[in-house]
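Protein chains in written order, with this note's numbering: chain A, 4 to 501; chain B, 4 to 501.
Some clues are possibly wrong.
Chain copies aren't distinguished; within one or between two, either way the pair holds.
To be verified - With a cut-off of at most 16 Å between alpha-carbon atoms, the simulated EDC-like pairs for lysine to aspartate or glutamate come out as follows:
| id | residue 1 | residue 2 |
| --- | --- | --- |
| 1 | 87 | 102 |
| 2 | 17 | 57 |
| 3 | 341 | 176 |
| 4 | 250 | 80 |
| 5 | 39 | 225 |
| 6 | 39 | 279 |
| 7 | 87 | 287 |
| 8 | 62 | 92 |
| 9 | 39 | 223 |
| 10 | 496 | 333 |
| 11 | 39 | 278 |
| 12 | 387 | 399 |
| 13 | 62 | 471 |
| 14 | 341 | 390 |
| 15 | 496 | 10 |
| 16 | 215 | 230 |
| 17 | 151 | 113 |
| 18 | 12 | 66 |
| 19 | 489 | 435 |
| 20 | 188 | 202 |
| 21 | 151 | 61 |
Hint data in this document are derived by calculation from the structure and do not stem from the laboratory.
Protein chains: 2
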Amino acid sequence: MQANYQEYKRQLQKIADVRMAAAVLNWDQETYLPSKAAGIRAQQLSTLSGIAHEMFTEKALGEILLTLIKKNAELSERELSNVKHSLEDYQREQKYPTEWVVRLSQTIAEAYHNWVGARENNDFNQFAPSLAKLVEMKREEAKMLGYKEHPYDALLHLYEPGLTTAEMTRVFDSVKEPLKALLAKIKSQTQVNDDFMREQYDKDKQWEFGLKLLKNIGFDFEAGRQDLSIHPFTTNFAASDVRLTTKVDEEDFNAMTWSCLHEGGHGLYEQGLPEDEYGLPGGEAVSLGIHESQSRLWENMVGRSFTYWKCHYSSLQEQFPEALKRVSLEEFYAAINKVEPSLIRIEADELTYHFHVLIRFEIEKALIEGSLEVAQIPETWNAKYKEYLGVEIPNDVKGCMQDIHWSHGSFGYFPTYSIGSFYAAQFFYYAEQAIPELASQLESGHCATLLGWLRENIHQYGRQYTADQLCQRIGGESLNPAYFLKYAEAKYKAIYHF
Amino acid sequence: MQANYQEYKRQLQKIADVRMAAAVLNWDQETYLPSKAAGIRAQQLSTLSGIAHEMFTEKALGEILLTLIKKNAELSERELSNVKHSLEDYQREQKYPTEWVVRLSQTIAEAYHNWVGARENNDFNQFAPSLAKLVEMKREEAKMLGYKEHPYDALLHLYEPGLTTAEMTRVFDSVKEPLKALLAKIKSQTQVNDDFMREQYDKDKQWEFGLKLLKNIGFDFEAGRQDLSIHPFTTNFAASDVRLTTKVDEEDFNAMTWSCLHEGGHGLYEQGLPEDEYGLPGGEAVSLGIHESQSRLWENMVGRSFTYWKCHYSSLQEQFPEALKRVSLEEFYAAINKVEPSLIRIEADELTYHFHVLIRFEIEKALIEGSLEVAQIPETWNAKYKEYLGVEIPNDVKGCMQDIHWSHGSFGYFPTYSIGSFYAAQFFYYAEQAIPELASQLESGHCATLLGWLRENIHQYGRQYTADQLCQRIGGESLNPAYFLKYAEAKYKAIYHF
Chain A
4 MQANYQEYKR QLQKIADVRM AAAVLNWDQE TYLPSKAAGI RAQQLSTLSG
54 IAHEMFTEKA LGEILLTLIK KNAELSEREL SNVKHSLEDY QREQKYPTEW
104 VVRLSQTIAE AYHNWVGARE NNDFNQFAPS LAKLVEMKRE EAKMLGYKEH
154 PYDALLHLYE PGLTTAEMTR VFDSVKEPLK ALLAKIKSQT QVNDDFMREQ
204 YDKDKQWEFG LKLLKNIGFD FEAGRQDLSI HPFTTNFAAS DVRLTTKVDE
254 EDFNAMTWSC LHEGGHGLYE QGLPEDEYGL PGGEAVSLGI HESQSRLWEN
304 MVGRSFTYWK CHYSSLQEQF PEALKRVSLE EFYAAINKVE PSLIRIEADE
354 LTYHFHVLIR FEIEKALIEG SLEVAQIPET WNAKYKEYLG VEIPNDVKGC
404 MQDIHWSHGS FGYFPTYSIG SFYAAQFFYY AEQAIPELAS QLESGHCATL
454 LGWLRENIHQ YGRQYTADQL CQRIGGESLN PAYFLKYAEA KYKAIYHF
Chain B
4 MQANYQEYKR QLQKIADVRM AAAVLNWDQE TYLPSKAAGI RAQQLSTLSG
54 IAHEMFTEKA LGEILLTLIK KNAELSEREL SNVKHSLEDY QREQKYPTEW
104 VVRLSQTIAE AYHNWVGARE NNDFNQFAPS LAKLVEMKRE EAKMLGYKEH
154 PYDALLHLYE PGLTTAEMTR VFDSVKEPLK ALLAKIKSQT QVNDDFMREQ
204 YDKDKQWEFG LKLLKNIGFD FEAGRQDLSI HPFTTNFAAS DVRLTTKVDE
254 EDFNAMTWSC LHEGGHGLYE QGLPEDEYGL PGGEAVSLGI HESQSRLWEN
304 MVGRSFTYWK CHYSSLQEQF PEALKRVSLE EFYAAINKVE PSLIRIEADE
354 LTYHFHVLIR FEIEKALIEG SLEVAQIPET WNAKYKEYLG VEIPNDVKGC
404 MQDIHWSHGS FGYFPTYSIG SFYAAQFFYY AEQAIPELAS QLESGHCATL
454 LGWLRENIHQ YGRQYTADQL CQRIGGESLN PAYFLKYAEA KYKAIYHF
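Based on the sequences and whatever the hints tell you, model everything.
Now the structure itself:
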């Protein structure tokens with residue numbers, strides 16, 4: 004049996020090598036690729052993913068997996084978990100007809116192209132037909148994959164295994180009114196001043212400061228690096244090779260620092276996955292929600308806390324005396340937590356962010372169940388932004404065409420952003436309980452105990468436990484957004500004085 | 004028949020995608036890889052080259068090639084040339100038993116490891132056993148590949164198709180005495196002063212100046228880029244994606260500028276290969292010698308010419324006034340062409356360089372024919388350096404262990420460096436004949452006509468013509484080192500006043 008397991012492992016690691024190579028090419032594409040090479044790079048990437056797909060759908064692999072599942076007595080708990088997950092992945096992959104996969108990737112290429120063009124011309128109609136095709140294909144995909152209650156469940160499952168539309172609805176229902184009430188309270192108070200965040204902040208100094216914070220939270224620069232790209236992201240080619248990217252804006256200090264901490268949080272998770280499980284489910288992230296919980300925890304619970312800046316603010320002031328010398332720590336803390344309803348999701352504050360996600364969730368759900376037509380998206384979008392956030396959408400570029408996700412056919416992805424934030428607050432609460440001296444540690448710049456706790460309770464397991472199992476093991480309960488609400492109420496009460 | 008040709012092309016381009024992906028991973032390894040990822044990156048690279056090898060040795064590909072060769076009436080000249088080269092490559096690849104290939108790559112890994120260690124300890128004996136194994140395997144390889152006169156021919160052929168040991172011996176025999184005589188004349192004159200080359204030269208300014216020269220010679224930064232690495236190199240992932248690397252030394256202006264022009268020359272060749280022949284022999288460099296002719300032509304015939312610096316020297320002086328304001332163009336020109344026998348090949352001047360290569364050629368030839376034992380390398384090396392260059396080798400790190408090539412099993416590679424320089428002088432002579440205004444163009448910073456001439460006469464053909472055929476087509480004769488001798492005599496006569 005061990006020989007079979009070794010063969011399974013060898014195969015999966017070989018497939019991982021090809022997928023990781025594709026990830027390197029993708030990373031290079033976003034960071035360093037010369038402009039004229041865009042076409043040939045797309046071809047190289049398509050060849051690699053084709054090869055990885057062929058390797059992963061080989062009949063021999065399926066046979067080994069079935070053998071291992073049938074005679075599993077000799078496997079350890081982790082080995083059995085790997086085999087089960089791989090078999091599930093394998094069987095799911097088999098459900099996709101090759102013709103369909105090729106057609107999807109063509110439709111995505113077309114939709115992405117049209118999305119870019121539609122944005123340039125601020126013309127949703129230019130994007131709508133290919134978006135409609137993608138919605139149709141995603142409805143087909145839900146059927147192929149199967150679901151119990153709602154077709155959208157099948158798509159959610161691709162990003163957040165186990166999450167259902169009903170559960171997501173329950174989660175949002177439980178936070179919607181409290182968040183609305185909190186937002187109303189904030190709006191009734193005097194707005195905080197954050198003008199000084201848009202003074203001149205030297206690029207190189209920002210870059211150095213970002214690296215300093217990343218080192219401080221424990222990102223290992225011998226097992227990773229940071230580069231520049233248009234949109235910040237994290238990717239990994241092994242636990243020992245995790246790549247972060249960020250962007251710098253000399254006239255907006257908000258642009259970089261928290262993106263460093265956010266991507267750094269993703270990166271810490273990837274670096275904490277067990278190295279010897281490379282290529283196996285045990286070496287992979289459990290879900291996008293859990294991934295996002297790690298980024299949000301470091302970005303917000305740590306990186307936007309008063310405690311954290313108690314430690315780092317004076318050195319920040321030293322770096323940027325002109326912009327910050329007359330700004331107190333309290334003023335700075337308020338500014339980095341300013342709440343203000345706005346148009347763009349990726350620029351939103353911690354609180355209003357969830358309305359952005361909720362709106363996308365409601366629209367996606369309706370599209371996939373067939374109760375909303377693509378043509379109706381703009382008016383629906385605009386109405387919901389008016390209803391939830393009280394903002395007027397001036398045009399679709401700043402409205403329903405702002406995100407890349409739909410042009411990539413990623414339906415079911417957005418909800419994981421909120422799930423991640425809610426898990427983050429919950430995990431952070433548990434960590435505070437487990438580490439009584441956490442606040443004083445963070446205040447003195449010591450992040451290692453918190454990181455150790457995350458490594459031990461989350462990172463080391465890869466996909467061995469589901470998101471829900473992880474949460475249950477740590478705190479004895481499932482995802483509970485009440486922790487996020489409590490966290491937000493306390494934070495904003497102090498900042499907005501209500 | 005065209006359907007067969009299209010299928011052949013499709014297959015080769017797919018193989019190229021995998022090889023190019025490996026090249027991206029290699030480039031990343033030399034430029035940006037975090038240190039802890041060395042092991043996993045080696046594994047990823049090995050998987051990719053394994054896949055490329057499997058794809059290239061597939062029986063079906065051989066059958067298509069044979070069909071195309073048999074019924075070749077419908078193929079164009081270029082298509083037929085592609086098929087012939089691919090068949091030759093395919094048949095050569097078939098000669099290697101898989102067991103042997105795996106053993107070679109293990110032996111190389113071991114030899115490289117031991118070479119690094121032996122250098123650290125300055126102990127040739129630590130390297131000798133694995134080097135002996137490699138020599139033995141290379142002798143086996145020569146037998147497997149076959150040869151007419153000398154086993155070393157088979158190895159030369161891997162880097163410089165068509166070049167034989169006899170021809171290489173003839174070439175060196177024809178230059179050995181004239182170069183010795185020239186060196187003696189130079190040594191009898193007053194040495195030029197180049198102390199100012201080791202003043203303080205700001206890193207960023209050097210980098211910017213290097214980029215400026217690269218743009219000036221025509222390197223297309225929309226189809227390539229330059230990064231830093233420990234040893235400068237050029238690699239390409241398509242004609243539209245050519246990557247140069249360089250290194251900067253703040254205290255030695257010699258370190259970077261000519262490495263930029265050298266790698267830039269390689270890069271111009273890669274960018275000039277026909278894009279629509281991607282993955283096919285028609286889109287590949289013909290030989291290492293021709294590749295080196297392009298780098299040497301731009302580095303030396305252009306980049307170390309008085310004409311070229313007539314155009315660029317004043318702006319260089321402006322960039323580095325402290326180091327250069329009191330240095331005349333004539334003094335600068337003499338300094339960058341200073342001739343001095345030395346220990347290290349890669350730091351050698353244009354003239355003594357060829358003795359470094361000659362020594363390696365003589366040793367390799369003797370090792371492969373079995374007339375020299377690995378244990379005898381140090382004494383042989385030291386004796387030859389004494390004989391040809393009059394220098395004493397203080398230790399093997401600065402002697403026979405200075406180059407990486409042998410630890411990689413690259414026997415037959417060194418001679419292409421000299422071949423390249425000789426071709427460079429010959430091609431430059433032809434270009435001067437074809438472009439009467441070349442000198443005045445270069446003097447005014449106009450390099451496009453020269454680049455156009457190289458594109459037209461060399462780059463566009465890929466592997467369609469052999470090195471010798473290219474040379475014959477341009478000048479009606481084969482490689483003739485007399486052009487190099489004439490060039491060198493004229494240059495050094497002017498600088499050393501004899």
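Check your understanding: Is it within, between, both, or neither for residue 12 and residue 66, if the alpha carbons may be no more than 16 Å apart?
Key -> Within one copy only: 14 Å inside, 34 Å across.
Practice item. Give the relationship of residue 87 and residue 102 under a CA distance limit of 16 Å: within one copy only, between copies only, both, or neither. Key: The answer is neither: 27 Å in one copy and 35 Å across copies each exceed 16 Å.
Exercise for review: Using 16 Å as the alpha carbon limit, work out where residue 188 and residue 202 are close: within a copy, between copies, both or neither.
Suggested key: Cα proximity of residue 188 and residue 202: none, with 29 Å in one copy and 66 Å across.
**Study point:** Within, between, both or neither: residue 39, residue 279 at alpha-carbon 16 Å
**Key:** Between copies only: 14 Å across chains, 39 Å inside a chain, cut-off 16 Å.
Practice item. If the cutoff is 16 Å on CA atoms, where do residue 496 and residue 333 land: within, between, both or neither? Let me know, please. Key: Classified as within; 14 Å inside a copy, 75 Å across copies.
Practice item. Pop the pair residue 151 and residue 61 into one bin, within, between, both or neither, using alpha-carbon distances up to 16 Å. Key: neither (29 Å within a copy, 45 Å between copies)
Check your understanding: Between copies, within a copy, both or neither: which fits residue 17 and residue 57 at Cα up to 16 Å?
Key -> both (12 Å within a copy, 14 Å between copies)
Point to revise | Identical-chain pair category, residue 39 with residue 225, by Cα at 16 Å | key: This pair counts as between: shortest inter-copy Cα distance 6 Å, intra-copy 32 Å.
Check your understanding: Between copies, within a copy, both or neither: which fits residue 151 and residue 113 at Cα up to 16 Å?
Key -> neither (32 Å within a copy, 56 Å between copies)
Practice item. Give the relationship of residue 39 and residue 278 under a CA distance limit of 16 Å: within one copy only, between copies only, both, or neither. Key: Answer is between; shortest inter-copy Cα gap is 11 Å, intra-copy 36 Å.
Review point. Between copies, within a copy, both or neither: which fits residue 62 and residue 471 at Cα up to 16 Å?
Key: neither (32 Å within a copy, 50 Å between copies)
Check your understanding: At most 16 Å between C-alpha atoms: does residue 341 with residue 176 qualify within a copy, between copies, both, or neither?
Key -> Close neither inside one copy (25 Å) nor across copies (79 Å); limit 16 Å.
Checked against the numbered hints listed earlier, the structure breaks hints 1, 3, 4, 13, 14, 15, 17, 20, 21; every other hint is satisfied.
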